[in-house]
Amino acid sequence: MKKLLTFGLLLIVFRIQPAHAQYEDIALNFSKTYSGGTARFLSMAGAQTALGADLSCLTSNPAGLAFYTKSDISFSPSLRFSGSDNSFLDNRMIGTKQNFNIANAAFVFGTPDLGENFGWQNFAFSLGFNRINNFHNRIKFSGYNKNSSITDFFEEEANGTYYEDLNFNADNLYLYPNMAFYTYAIDTVSEVDAKPGTFGYSYLGAASGGKISQSSTVEYEGGQDEWAFGFASNYNKKFYIGASLGLVSARYRESSAFVEEDDSSKIADFKKFTLNETRDINGTGTNFRMGVIFRPVDWLRFGGSIQTPTFFTLNEKSDRSMKTELDNQQVEISKGQAYDFDLTTPYKYSIGLAVVMSTHALLTFDYEGIDYREANLGADKLDIDFIKNNNNITNVYTQGNNIRAGGEIRYGQYRFRAGYGLSSDPYSYKTGVNIDRGSSSITGGFGIKQEGFYFDIAVINTKYKSKYAPYSLLNDSQPVTTSSYNINTFVFTFGATF
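Here the sequence shown is numbered in the numbering used here, starting from 1265 and rising by one per residue.
Among these hints, one or two may not hold up.
Straight-line Cα separation of at most 16 Å, EDC-like style, residue types lysine to aspartate or glutamate; simulated pairs [to be verified]:
| hint | residue 1 | residue 2 |
| --- | --- | --- |
| 1 | Lys1475 | Glu1541 |
| 2 | Lys1729 | Asp1289 |
| 3 | Lys1501 | Asp1562 |
| 4 | Lys1404 | Asp1354 |
| 5 | Lys1475 | Asp1562 |
| 6 | Lys1731 | Glu1483 |
| 7 | Lys1731 | Asp1377 |
| 8 | Lys1502 | Asp1377 |
| 9 | Lys1404 | Glu1541 |
The following label-pair restraints were derived from C-beta to C-beta distances [to be verified]:
| hint | residue 1 | residue 2 | range |
| --- | --- | --- | --- |
| 10 | Asp1562 | Ile1699 | 42 to 50 Å |
| 11 | Asp1354 | Phe1719 | 46 to 54 Å |
| 12 | Ser1529 | Asp1700 | 39 to 47 Å |
Hints listed in this document are in silico derivations from the structure and should not be mistaken for laboratory results. Predicted model only: the values in this text are computed from it and were never measured. Glycine is no exception: its CB is placed at the ideal position from the N, C-alpha and C atoms.
Could you build the full structure based on these sequences and the hints that come with them?
Okay, structure coming up:
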């Protein structure tokens, strides 16, 4: 049946809130940062808390800057190759994405030791840039769905809403059921078929029940970069203390294209449906970190650091277009919206142990803890309510435990390095997921250090899994994509000391 069209004054009987289902993911993604840095640091899996003497200390443990007694400057470009193996409705597809970025650029000014007559031996000041998060990924999937359609999702979202509110409420036109009703992806159930008292409140999807081909590409871009200023000093070469102030810039972009098509012409008055969405989130945040390193003997070091929450002010701009192709017509609509909101990430803390075997080798171990349940969303505008999202963050996420270990062997001017990192699953909710969403990294590297100059290469292989649903249904029968990621990152550091 054709969509019912009426004119007149609108009576809002049901208000659908803005779609906040993915804000919990934003809170998690912006909280899962890593201490970006030099190739030396990254080739040992980022285990830096107790080691020191690296420009990466700015965003890990700034106390390590106090090991510098002269100046150091470095620049580290990086190449990232991301691949995803995606399983959807018994089909497999591969998604790939490449990215070039600057992993680190930093400078430290260290003073010479003041001598045995002084308790505080030296001071170091540092300014640096680090890439602390990278969102670049792509997933692709397709398959034949015998059981459901995205129009079933629109149907469920619309049920209980009077059709006039879907058709003429311009303020809510961005919402899925409103757009779906406008483009004939859903329509009211006829008066004959409707249950008593539900005519005008019940809907049916154009491809309800499935038996349709589905395909999608979802692309993620952006990252988080931190400018940090740090200060450190040491007392009698036994106790090292430092602090740094960070300014974080964040850019996150998610774009998706979802298509349903009746390839076999089994669905009456329906050919194809297309949903395109883009989501851009940009903003800045600030944080502060402090750290200490204790060196009771020359070969042994203990370290610890704590980082405050990063207090973000963010802006989101989203665009959505929907197009339905029927047998005799096609209807398309586009709409955008923008929001300002705040995000506070959790505290992070780390402890570490390093064993430095003279000038020949070293081993370093780190533990980092972060409680993802402490992330918090907020907004000044009264029409944006994050209470449900913050409750979901508390209920869905859990304590994160990150373990890193690395080592270095020195032979003359040459350096050989390796490491391993393991991050726990940040989700407490396991029912129906059947995968561990933690990650693991195997790292390695090589370096050359000469008088006044050094060059390092790092290779990092990271693997993890995730699940993605293009839509959700009340009975949890929606199709789900399981993605296995394999990411290879190459970092090159050029540095000079003077």
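So, going through the hints one by one against the coordinates:
Straight-line distance between C-alpha atoms of Lys1475 and Glu1541 comes to about 24 Å, which puts the hinted pair past the 16 Å bound. In summary, the hint linking Lys1729 to Asp1289 is supported, as the alpha carbons are separated by about 15 Å, within the 16 Å threshold. In summary, the hint linking Lys1501 to Asp1562 is supported, as the alpha carbons are separated by about 9 Å, within the 16 Å threshold. Between Lys1404 and Asp1354, the direct Cα distance comes to roughly 14 Å. Compliance with the 16 Å bound is thereby established for this hinted pair.
The suggested pairing of Lys1475 with Asp1562 is violated, with an alpha-carbon distance near 70 Å, which exceeds 16 Å. Between Lys1731 and Glu1483 the CA atoms are separated by roughly 14 Å; this keeps the pair inside 16 Å, and the hint holds. A distance of roughly 54 Å separates the Cα atoms of Lys1731 and Asp1377; the hinted pair therefore is violated under the 16 Å criterion. Pair hint Lys1502 plus Asp1377 holds up; C-alpha atoms about 13 Å apart against a cutoff of 16 Å.
In summary, the hint linking Lys1404 to Glu1541 is supported, as the alpha carbons are separated by about 15 Å, within the 16 Å threshold. Checked against the given bound of 42 to 50 Å, the beta carbons of Asp1562 and Ile1699, roughly 45 Å apart, stay inside it. The beta-carbon spacing between Asp1354 and Phe1719, approximately 48 Å, falls within the hinted interval of 46 to 54 Å. For Ser1529 and Asp1700, the Cβ-Cβ distance of about 43 Å falls inside the hinted range of 39 to 47 Å, so the restraint holds.
When each numbered hint is compared with the structure, violations occur for hints 1, 5 and 7.
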